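Sequences and hints are given; from them, build the entire structure.
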Amino acid sequence: MVYFEKGVKCMVSAEDIQATCDDIVKGFSPLYVILFGSYAYGIPTEDSDVDLLIVMDIPASETNRLTSEICERIPRRFGMDLLVRSQDEISYRISHNDWFLRDITEKGKVLYGDLDTIEIPMTMEKLEMNPLTLEWIEKAEDDYTTVELLRQNAISSMDIICFHAQQCIEKYLIAWLQEKNIPIPSTHKSEDLLDLKIPSIPEWNSWKSDLTTLSNHADDFRYPGKSATKENMEIAVTKCDVVRQEIRRSLNLPPIPSQEQK
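Letter by letter, the sequence shown follows residues 3 to 264 of this note's numbering.
Treat the hints with caution; some may be incorrect.
[Unchecked claim] List time: in silico DSBU-like cross-link candidates among lysine-lysine, alpha-carbon distance up to 30 Å:
id : residue 1 : residue 2
1  : K28       : K111
2  : K210      : K191
3  : K232      : K141
4  : K210      : K182
5  : K182      : K228
6  : K109      : K182
7  : K28       : K141
8  : K199      : K241
9  : K109      : K228
10 : K141      : K241
11 : K191      : K228
12 : K199      : K141
13 : K210      : K199
14 : K182      : K232
15 : K210      : K241
16 : K191      : K111
17 : K228      : K241
18 : K232      : K210
19 : K141      : K182
20 : K28       : K109
21 : K111      : K182
Calculated from the structure, these hints are not laboratory results. In this text, all values refer to a predicted model and were calculated from it rather than measured experimentally.
Okay, structure coming up:
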């Protein structure tokens, strides 16, 4: 996803949004252009960006290049997030319940194209685990690896360790929801994700206070004015270890010891 900076705060008109869509259609011949987010089904403010999903008949490997090209060539009328995907990606991911894309295609406003022509497989291949779940687990493990590597370096930033510990927790929570086929809301608050799991595993409710604190720290420590303490870091890493192992166990994944346990 690419972000266009907006110079002046103002509401964006439907005419300007459609004009930008028309520029994209004229220059790049997409299959569909879909408006999503606050301008499609929310309450936009002067700070809201315009979110567009652009579906192309291209290989998935070309989406990043094409995103950059669109950004360079179309007029910049307002702040905008562009999400470029291939038709095959859309079909595959929706068939495996990518809740983000399902939300866009079911609730978004089609500015160009006919969504009825998207071919979604009616039955998924029989797999031990949803491949989208595995994607989230891999991303979570990337964050965990970052935490482990940074902790081995005495000069590492405790702010960054806290951030990646929170990100690991958030992604493992999403992985669990994905595997249980529970719609995933658009949020970066781990405690909100946890609320969706508590009815199934009420004992995890004991995590909520710590997860709320970690979510706040993940935001606070990214900007000047506040910094993580050693105690903050140790709590974040300990809770990350607990959540990671518990969710892996719940998903019948093998436990992976932390560096300290090896």
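Each hint tested on the structure:
no.: 1; hint: K28 / K111; in the structure: holds, 19 Å
no.: 2; hint: K210 / K191; in the structure: holds, 11 Å
no.: 3; hint: K232 / K141; in the structure: holds, 25 Å
no.: 4; hint: K210 / K182; in the structure: holds, 20 Å
no.: 5; hint: K182 / K228; in the structure: violated, 37 Å
no.: 6; hint: K109 / K182; in the structure: holds, 22 Å
no.: 7; hint: K28 / K141; in the structure: violated, 36 Å
no.: 8; hint: K199 / K241; in the structure: holds, 17 Å
no.: 9; hint: K109 / K228; in the structure: violated, 39 Å
no.: 10; hint: K141 / K241; in the structure: holds, 18 Å
no.: 11; hint: K191 / K228; in the structure: holds, 19 Å
no.: 12; hint: K199 / K141; in the structure: holds, 20 Å
no.: 13; hint: K210 / K199; in the structure: holds, 11 Å
no.: 14; hint: K182 / K232; in the structure: violated, 36 Å
no.: 15; hint: K210 / K241; in the structure: holds, 11 Å
no.: 16; hint: K191 / K111; in the structure: holds, 27 Å
no.: 17; hint: K228 / K241; in the structure: holds, 21 Å
no.: 18; hint: K232 / K210; in the structure: holds, 21 Å
no.: 19; hint: K141 / K182; in the structure: holds, 18 Å
no.: 20; hint: K28 / K109; in the structure: holds, 25 Å
no.: 21; hint: K111 / K182; in the structure: holds, 28 Å
When each numbered hint is compared with the structure, violations occur for hints 5, 7, 9 and 14.
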